[in-house]
Amino acid sequence: MSDLLATMLAGKPLDGMVVDAHGHLGPSPNFHIPDNSPAAMAARMDRVGINALCISSHTAIYADFRAGNDETAAAIEAFPGRFVGGIVLNAHYSDEVAPELDRCLAHGGFRFIKLHSSLHKYRLDSEACKPIWREAEKRNLPVLVHSWAGSPDCGYDACRKVAAAHPDVRLMLGHSLAPDGYDDACRLVEAHANVHLDTVTSLVTYGQVEFMVGRIGADRILYGSDMPFLDPAPQLAKVVFARIPDEAKRKILGANAARLLGLGH
Amino acid sequence: MNRSKAVDFFDVNCTIGRAATPPRHGPRTTEELLAAMDRAGIGRALVCHSLSLEAHPNVGNAAVIRETAGHTRLVPCWAALPPTTPEAPSPQDLLQAMGEAGVRAVRLCPSAGRHQFPLTSADASRLLAALAERRVPVLLDGAEATWEQVEATAKAHPRLPLILLGVGYRSIRALYPILEAVENVLVEISLYQVCGGLREGVGRFGPRRFLFGTSLPRFEPGCAVASVVYADVSDDAKALIAGGNLDALLREAQP
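Which chain is which? The protein sequence lines are S and G, in order. In terms of the numbering used here, the first sequence has 156 at position 156, counting the first letter as 1, and numbering is strictly consecutive. In the numbering used here, each residue's number is its place in the second sequence (first place is 1) plus 1000.
Note that these hints are calculated values from the structure, not bench results. Mixed in with the good hints there might be a few duds.
Unchecked claim - Quick list of the computed label-pair ranges, beta carbon to beta carbon:
# : chain 1 : residue 1 : chain 2 : residue 2 : range
1 : G       : 1024      : S       : 259       : 26 to 32 Å
2 : S       : 161       : G       : 1129      : 54 to 60 Å
3 : S       : 259       : G       : 1114      : 44 to 50 Å
4 : G       : 1102      : S       : 183       : 24 to 30 Å
Unchecked claim - Here's a subset of chain G near chain S, in silico, CB distances under 7 Å, partners left out:
# : residue
5 : 1022
6 : 1023
7 : 1200
Backbone N, C-alpha and C fix where the C-beta goes; we use that ideal spot for every residue, glycine too.
The task is simple: from the sequences and hints, build the whole structure.
In structure tokens form, the structure reads like this:
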């Protein structure tokens, strides 16, 4: 049996480097999240064996990106080494893109840009979003986007256009065009060397990770949980229970994200 | 296998049989389903047949008995219709047939996309009253009824164990008032993945209100196993959620 699977079935924290590439922070307007504080999340990470979690606060992705980025910074400071900051930007505030990047990068705990164009209601490939892509290129920052099949703002077409237009930007497709766009997401990886996928969705579809690895290999797939929207345990299980070698699981669970984000774990 | 002996997994949310849209990668045959259960360390499953849900209860209920015969790990569950039309047996005849076939749970599918009947009609109430009297658990997919219908049904039949399948991670603000108001609503956890959901829910309502379920064959069953294994609740609570609660409910049922 896979070492990782045996560890999980025994209910022990996973060993080795586990980096969660897709998380958030704080309360949500839509629904109650019991364990949404940095302390509760860090405790949950300890319980399952996550070394570091990439976060962007709910305040930032829903409403005010500046106030939310402040929450992210505070969590990073409170739990050094446990949280990696995503700088949330909003294309409707294009004048604030460069200053906000300056402000957050000066903090030192932020490593990537996070765009939730579905909640902020703009297209990733829109004219309004161009200043963000220009700054990402200039500053060599990876960009994690919410991607969802069928969405005009962040579906296949919008993701394909930005991947092609900005080949030097390392693009992480959060949710990999869920709920039914995994074929399209893999097509984007095959066509564009800068595209990476993550494993997050509440719909823990049987065989999702095996399908992705079989199609594109394990090097550009990142484990993510959407924590605290979702508990990390079932999301980890998607990878750990996959019928793939442990070596591939280890890449997905942490090595790929550490390389992409320049983490020293 | 290095697993806690206390955790005996009994899946309350599992479907067998050919469906109109089969899982792309998931198990399609009973043998494949059993292999998937083995890999995730799941001992038993309460199974409904796809034909009961997608074709007609009379077709699928016979099929689930045939399909589970000889498989002691697969416990059959029927679908039922209210006794409104000649296609549906009377509640008494249904219970007698269940008793003869060894069936101890029933699934209801009142939504327009499935069996399309009013959950709160007089006929549905006659069926539910008969099931409640014999303590037969009723499974209801969360997408099949409104929260108001769930609460009204549970209040009208307080002895009826009403198990909500597929309760989503965004549901707490609607779910908690119902769990507070009635004691006979229980939550299946395959989609109840919100961070801290089990910890807070068990702390507030007790471990007897939550049941392990996988949504096999659509979902990876290891995900629900991990939800229980890593839950911040006591080992006793885990054992109840994993299978103890479902065992107790089926023991109590006297169709």
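Hints and how they fare:
Between residue 1024 of chain G and residue 259 of chain S, the C-beta spacing of about 30 Å keeps the proposed range 26 to 32 Å intact. Between residue 161 of chain S and residue 1129 of chain G, the C-beta spacing of about 59 Å keeps the proposed range 54 to 60 Å intact. Between residue 259 of chain S and residue 1114 of chain G the Cβ separation comes to about 47 Å, which falls inside the hinted range of 44 to 50 Å. Checked against the given bound of 24 to 30 Å, the beta carbons of residue 1102 of chain G and residue 183 of chain S, roughly 43 Å apart, lie outside it.
For residue 1022 of chain G, the interface hint is violated, since its Cβ never comes within 7 Å of a Cβ in chain S; the closest pair sits about 11 Å apart. Below 7 Å, beta-carbon pairs count as interface contacts, and residue 1023 of chain G has one with chain S at about 6 Å; its hint therefore holds. The criterion of a C-beta within 7 Å of any C-beta in chain S is met by residue 1200 of chain G, whose closest approach is roughly 4 Å, and the hint holds.
Going through the hint list in order, the structure does not satisfy hints 4, 5.
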